[in-house]
Amino acid sequence: MPTKASTATLTTNQKVHGIVHTAATAAAAVGAGLAQLPGSDAPVLAGIQTTMIVAIAHEHGAAITKASAADLLLTFTATHVGRGISQWLVGWVPGWGNAINASTAAALTEAVGWAADSYFGEERAAT
1 MPTKASTATL
11 TTNQKVHGIV
21 HTAATAAAAV
31 GAGLAQLPGS
41 DAPVLAGIQT
51 TMIVAIAHEH
61 GAAITKASAA
71 DLLLTFTATH
81 VGRGISQWLV
91 GWVPGWGNAI
101 NASTAAALTE
111 AVGWAADSYF
121 GEERAAT
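Counting from 1, one number per residue, gives the positions in the sequence shown under the numbering used here.
Hints should not be assumed to be uniformly reliable.
[Stated by the list, open to error] Below 25 angstroms or equal to it, Euclidean Cα-Cα: the simulated SDA-like pairs (lysine to any residue) are:
#1 K66 to I100
#2 K66 to Q36
#3 K15 to A69
#4 K66 to H21
#5 K15 to G39
#6 K66 to G121
#7 K15 to A62
#8 K66 to A115
#9 K66 to G97
#10 K15 to S40
#11 K66 to A28
#12 K15 to L34
#13 K15 to D71
#14 K66 to G47
#15 K15 to E110
#16 K66 to A111
#17 K15 to G121
#18 K15 to A26
Since the hints were derived computationally from the structure, they do not count as laboratory data.
Model the full structure from these sequences, guided by the hints.
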């Protein structure tokens, strides 16, 4: 576990990498754990991704509320259509469904995280 002194020396990019990968790991766990209940993971994943967006905004020095982060998440959710399709096709199959849902949840969370990083990075560069 990093100490307070060591986290102060991390760059914004390193901190964002940690935020995104931690959120993706949590999303994978949720996706795997709730695979046999289609759609039951959506609210939990939205919460993980909203928290991730708020943390990324904070690292870029942007002020953002959870409501604004949720609105921003909606702009990134076109990728969730793919998740819905994968869940519908094979998500209910024990074993395979768990693995596919976990990897899909992690990949989509990574995509949302890097999109948020790009968004806030460009916003910071413009100011």
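Here's how the hints hold up against the structure:
Restraint check: the Cα-Cα separation between K66 and I100 comes to about 29 angstroms, which exceeds 25 angstroms; the hinted pair is violated. Between K66 and Q36 the CA atoms are separated by roughly 29 angstroms; this puts the pair beyond 25 angstroms, and the hint is violated. For the hint linking K15 to A69, the alpha-carbon distance of about 18 angstroms falls within 25 angstroms, and the restraint holds. Distance restraint check for K66 and H21: the Cα-Cα separation of roughly 20 angstroms lies within the 25 angstroms cut-off, and the hinted pair is therefore satisfied.
As the CA atoms of K15 and G39 are separated by approximately 31 angstroms, the hinted pair breaks the 25 angstroms bound. The straight-line distance between the Cα atoms of K66 and G121 is roughly 19 angstroms, inside the 25 angstroms bound, and the hint therefore holds. With a C-alpha separation of about 15 angstroms, the suggested pairing of K15 with A62 holds against the 25 angstroms cut-off. Distance restraint check for K66 and A115: the Cα-Cα separation of roughly 17 angstroms lies within the 25 angstroms cut-off, and the hinted pair is therefore satisfied.
About 31 angstroms separates the Cα atoms of K66 and G97, which puts this hinted pair outside 25 angstroms; it is violated. As the CA atoms of K15 and S40 are separated by approximately 30 angstroms, the hinted pair breaks the 25 angstroms bound. About 22 angstroms separates the Cα atoms of K66 and A28, which keeps this hinted pair within 25 angstroms; it holds. For the suggested pair K15 and L34, the alpha carbons sit about 29 angstroms apart, so the restraint of at most 25 angstroms is broken.
For a cut-off of 25 angstroms, the pair hint linking K15 to D71 stands: about 23 angstroms separates their Cα positions. Of the pairs offered as hints, the one joining K66 and G47 holds, with about 10 angstroms between alpha carbons and a cut-off of 25 angstroms not exceeded. Our distance criterion of 25 angstroms between C-alpha atoms is met by K15 and E110, whose separation comes to about 14 angstroms. At most 25 angstroms may separate the alpha-carbon atoms for a hinted pair to count; K66 and A111 meet this at roughly 19 angstroms.
Distance hint between K15 and G121 is fulfilled; the C-alpha atoms sit about 13 angstroms from each other, no more than 25 angstroms. Of the supplied pair hints, the one linking K15 and A26 holds, its CA atoms being roughly 17 angstroms apart against a limit of 25 angstroms.
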